[in-house]
Amino acid sequence: MKKLVSLLLALMMLLGIAGIASAETVPAYDGSEVTITFYHTMGSNLTTVLDQYIAEFNKLYPNIHVQYTSVGSYDDVRDQVSTEITVGTQPNIAYCYPDHVALYNLAKAVQTLDGYIDSTAEVTRADGTTEILGLTAEQKADFIEGYYNEGLQFGDGKMYTMPLSKSTEVLYYNKTFFEANNLKVPTTWDEVAEVCEKILTIDPMSIPLGYDSEGNWFITMTEQLQTPYTSATGDHFLFNTPENQAFIKEFREWYQEGYLTTQKLYGAYTSGLFTSTSEIKSYMSIGSSAGATYQRPAKGDDGNYPFEVGIATIPQANPDNRKVISQGPSVCIFKKDNPQEMIASWLFVKYLTTTVDFQAEFSMASGYVPVIKSVAQNPAYAEFLAKADGGDYVSALSAKVCLEQEDAYYTSPAFNGSSTARDEVAGLLTKCLTIPDGSDVDAEIQKAFNEAVEKCNYSL
Amino acid sequence: MVESKQQWKAWLYLAPAIVLLLVFTVWPIINTVVMAFMEDYSGLASIGGETSFRIGLGNFTKVAQNADFQSALRNTMLLCLITVPVSTVLALLIAVALHAIKPLQKALQTIFFLPYVTNSIAIGMVFAAMFNVIGSVGTRRPLISSYGIINDVIRFFGGNWVNWINSGSDYWANMFVLIVYIVWNALPFKILILLGGLTSINKQYYEAAKVDSTPRWRVLWRITVPLLSPMLAYVIITGFIAGFKEYTSIVGIYGESMGPVHAPHRLNTMVGLIYDSLASNNQGRASAAALILFGIILVVTLINLWVSKKRVHY
Amino acid sequence: MAEQTTRVMQARDMQKTSIQQKIASFLGKAGIYLFLFLMAGIVLFPFYWMINSSLKSLAEYRLSPPTFWPNQVLWTNYADAFTTANLGTLFKNTMIVGIVSTLLSLVITVLSAFAFARLEFKGKELLFAALLATMMIPGELFTITNFATVTNLGWRNTYTVLIVPFLVSVFYIYLLRQNFLQIPNELYLAAKVDGTSDIKYLWKVMVPLALPTLISITILKMMGAWNSYIWPRLVANDEAHRLITNGLRNAFTDTTGDVNYPVQMAAVALVSLPLFLVFVFLRKYIMSGVSRSGIKG
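So the sequences go chain by chain: A, B and C.
For what it's worth, numbering that gives the first Met the number 0 labels the leading residue of the first sequence as 0, then goes sequentially.
For what it's worth, numbering that gives the first Met the number 0 labels the leading residue of the second sequence as 0, then goes sequentially.
For what it's worth, numbering that gives the first Met the number 0 labels the leading residue of the third sequence as 0, then goes sequentially.
Wrong hints could be hidden among the right ones.
[To be verified] Below, in silico cross-link-like pairs of lysine-lysine (DSS-like), each with a Cα-Cα straight-line distance of 27 Å or less:
#1 B:61 <-> A:446
#2 B:105 <-> C:283
#3 B:105 <-> C:21
#4 C:21 <-> B:209
#5 A:349 <-> A:372
#6 C:21 <-> B:8
#7 A:174 <-> A:197
#8 A:139 <-> A:372
#9 C:191 <-> C:203
#10 C:199 <-> B:202
[Unchecked claim] Computed spacing ranges between beta-carbons, pair by pair:
#11 B:47 <-> A:32: 27 to 33 Å
#12 B:310 <-> C:33: 39 to 45 Å
#13 C:229 <-> A:382: 41 to 47 Å
#14 C:283 <-> B:310: 27 to 33 Å
#15 B:76 <-> A:225: 43 to 49 Å
#16 A:59 <-> B:56: 30 to 36 Å
#17 B:294 <-> C:27: 45 to 51 Å
#18 B:73 <-> C:182: 41 to 47 Å
#19 C:72 <-> A:231: 26 to 32 Å
#20 C:198 <-> B:202: 34 to 40 Å
#21 B:76 <-> A:32: 40 to 46 Å
#22 C:30 <-> B:302: 50 to 56 Å
[Said to hold, decoys possible] Which chain C residues stay away from chain A? Per the calculated CB distances, all over 10 Å, these:
#23 30
#24 155
#25 214
By construction, these hints were calculated from the structure, which means they are not laboratory data.
Note that the Cβ used here is the ideal one computed from N, Cα and C, for glycine as well.
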């Protein structure tokens, strides 16, 4: 009986693949009048940039009308879209995080992009020029690989999303303090422990390092250590391993020694701790590269910053296997009955992701980094990067650091339940770090891991 | 003759309400019941072509087996059993006090109404900030940047600060903050109803008490409470119903993790369980959780009604 | 003589007790005020904190430990909350939805409450109990089905979708029925004998008598329009129909997806203010509305 079922399944999969294969040959855009809707989370400073480039896009494709809605937060977009999918009124394009797409995929509502990307069909633009519908080899190569691959992490090797603008985590440090005390900026976790110990002897009233996201921390450690976290297929929740328990145990020791803290453990933004002018402060802070301005202290009464901010790549477990998280919005295209709508959506997405000027301006306005390498040659962006410093142009400094570590980006598998896993490991980390001395630490850690996996499995 | 005329007239008058309720309340309820018996039913998956959901009690057993189920049930019960009496007694005292004064009565009445017009999530954030201890608590070298304004007040009066909501905090400290917040939130409506009731009590009862020079608390217990009993019953019953639906206040203070950092989910409630399942689009399980909650509310309300039948004076 | 002395003594005693009573009553009053001020302080405190936060810069808001009064008072947060959202449209939409839904809701509530209070029909008790039972169901689960319903009806992004689904409130029907029950049935029977129509009777007798309750329903309903968030966001989030809470909340996510909390606090304060003023001015009506409905099981 079981065999029969698996045979049937295999047969269905074959048929399914055949079905998709036949859909791979995408027709070209025929110039028809279509209106496409776009849900995002942009604030008004970014929609100004978007407006400008929609106008530019319309010079090439006057019949494609783009209507966007600023829905609220990322979670709001997810809730809105997933509800709309149930009645078939989803937008054409939406901002997305991988776990959102995994949710939409329950309904098979997201259009895979491989057919468009590979298409060589010619499209005529309003100014008389032509382009191919897909991406040229140069365009493909221009994408920062780690960002581009985010679209491929859904377990079936297909491309579901395009990166729009990205951020990562970077290590902010108090450059003034580091230089005054002749400290070396840590590049590995071992060095972090050393530096923290030294900082505590210099300033016992400090918590040397603040890490703002517990979830990112756990997941990044599994990537750096190449230990299991989750899988998009099969058994999803793989993070309950001795190796992971071991690194958690070591971090617990560090936390108990007062080397570091996280946003939730500290009870306030770690960026606030880093920029604090009161007695208790930190000298290093790991946070989003897009939030660089929050890591800069407020100017003093003399009009100067109390200290200069330095930015470096986050500490690594293994210098030969550098890993930093890739985050920030991607966009996905939803299936629609009218193929021309989907093609028009693709053309717009392609325009936003591959147009150097848009990527440059959007990045400068948002604090995110562009997803294509050639933006570095854009004069305005080059000028922006050239100004990078630890004060007024701290965003440029952070962007610069991001661009220098483009080989290290990873993304974790996405499936329905991946956001639960993320929440659970974040809770797990804080739970384990706070296990008090005198209790059976190993047993408590084991228990916390078991509970987290159980909770994850329930969500399925 | 009159009877039958009244029959169709009654239905005619009720028609708009009934039609709307059928469409926007009864139909969703039917849908909920149906989904509750379809195992792991997901609206998105059914759009995606998944049509064979097993029919059975699977959703109910899954919910009941959830590690959080018992604690959610206990939290919900505890919150109800504590916040309803506390807020009712406080509201009663405030209403009676307000009723007894002349100067400043209106100004104070307005102040007590304030919590009613604010957004509960935003005020939850404010409460969290007031109880928040910032620093590394519970490490070998505790360092504290800020004890939070509540602890500042406690320390000002010479008391010891309390770890209310942060890592390492005690379950009852967590509950205390929640209770304060929920009571704070529940007061205005209760005060409004009870004060309304007080103004409609015949003054003669009090005149009689005055002549006898009965002590205040005795007047309160012997005259006011019995005369207010219908309003009190109403306030208690609706208080229980609202208490069983508690969710946003916990999110407001503890965030989506429904607990302090070292013990996520510890303060989860029944409605929290519904949201847990909705997050992964498992409407089947969410519906089952909702029906379980409905059953509990129904039983408690019936008990409440039965008690009030015996105790309420009309 | 002896009789006289006793009388004097009695009078003295009377005087004494009355002084005692006065002192006791003064102390009692003082105690009452102390209690009320203390409670009022507790009630007001979070509002102080909200206002305090709403005047800070985001950087200062993130500061630890927090400041008890902003180092730099940023009134601009309020201006930001105003300008980033398209406030004119938001107000207009909220008013339209609030007024229309209140009027329709009043009509429906009055008719239903009248039927339940004055008319006899089969299954009345059962129906009323069933209505009350619907109040006990967690509303979260209605959302998905209702969303499908309004979409099928083609109501998305219209005023209709913001108004119609919540016109019936069991709570209001209940409140008004209690009020109607207190109006003597004789009035109705007399009117019947005179041949007055139900509608005329409702309009001329019941509605004026129940006016305070109707006013409190109006205010609660307007508050609903003012504070509703989840449903409007889902079904009518277009520029032309967006409501105030929704519009104000949307505006605060900054470029990194972070929420600008000080501006959000400012917005919450702004949104609460009109409601608060309504209460201040109509307090009298709300109070008597509640007291007259004389809630009884």
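Verification of the supplied hints:
no.: 1; hint: B:61 <-> A:446; result: holds (21 Å)
no.: 2; hint: B:105 <-> C:283; result: holds (9 Å)
no.: 3; hint: B:105 <-> C:21; result: holds (25 Å)
no.: 4; hint: C:21 <-> B:209; result: holds (13 Å)
no.: 5; hint: A:349 <-> A:372; result: holds (15 Å)
no.: 6; hint: C:21 <-> B:8; result: violated (60 Å)
no.: 7; hint: A:174 <-> A:197; result: holds (15 Å)
no.: 8; hint: A:139 <-> A:372; result: holds (11 Å)
no.: 9; hint: C:191 <-> C:203; result: holds (13 Å)
no.: 10; hint: C:199 <-> B:202; result: violated (35 Å)
no.: 11; hint: B:47 <-> A:32: 27 to 33 Å; result: holds (30 Å)
no.: 12; hint: B:310 <-> C:33: 39 to 45 Å; result: violated (32 Å)
no.: 13; hint: C:229 <-> A:382: 41 to 47 Å; result: holds (45 Å)
no.: 14; hint: C:283 <-> B:310: 27 to 33 Å; result: holds (32 Å)
no.: 15; hint: B:76 <-> A:225: 43 to 49 Å; result: holds (46 Å)
no.: 16; hint: A:59 <-> B:56: 30 to 36 Å; result: violated (58 Å)
no.: 17; hint: B:294 <-> C:27: 45 to 51 Å; result: holds (47 Å)
no.: 18; hint: B:73 <-> C:182: 41 to 47 Å; result: holds (46 Å)
no.: 19; hint: C:72 <-> A:231: 26 to 32 Å; result: violated (51 Å)
no.: 20; hint: C:198 <-> B:202: 34 to 40 Å; result: holds (37 Å)
no.: 21; hint: B:76 <-> A:32: 40 to 46 Å; result: violated (60 Å)
no.: 22; hint: C:30 <-> B:302: 50 to 56 Å; result: violated (36 Å)
no.: 23; hint: 30; result: holds (38 Å)
no.: 24; hint: 155; result: violated (7 Å)
no.: 25; hint: 214; result: holds (34 Å)
Hint check: violations occur at hints 6, 10, 12, 16, 19, 21, 22 and 24; the rest are consistent with the structure.
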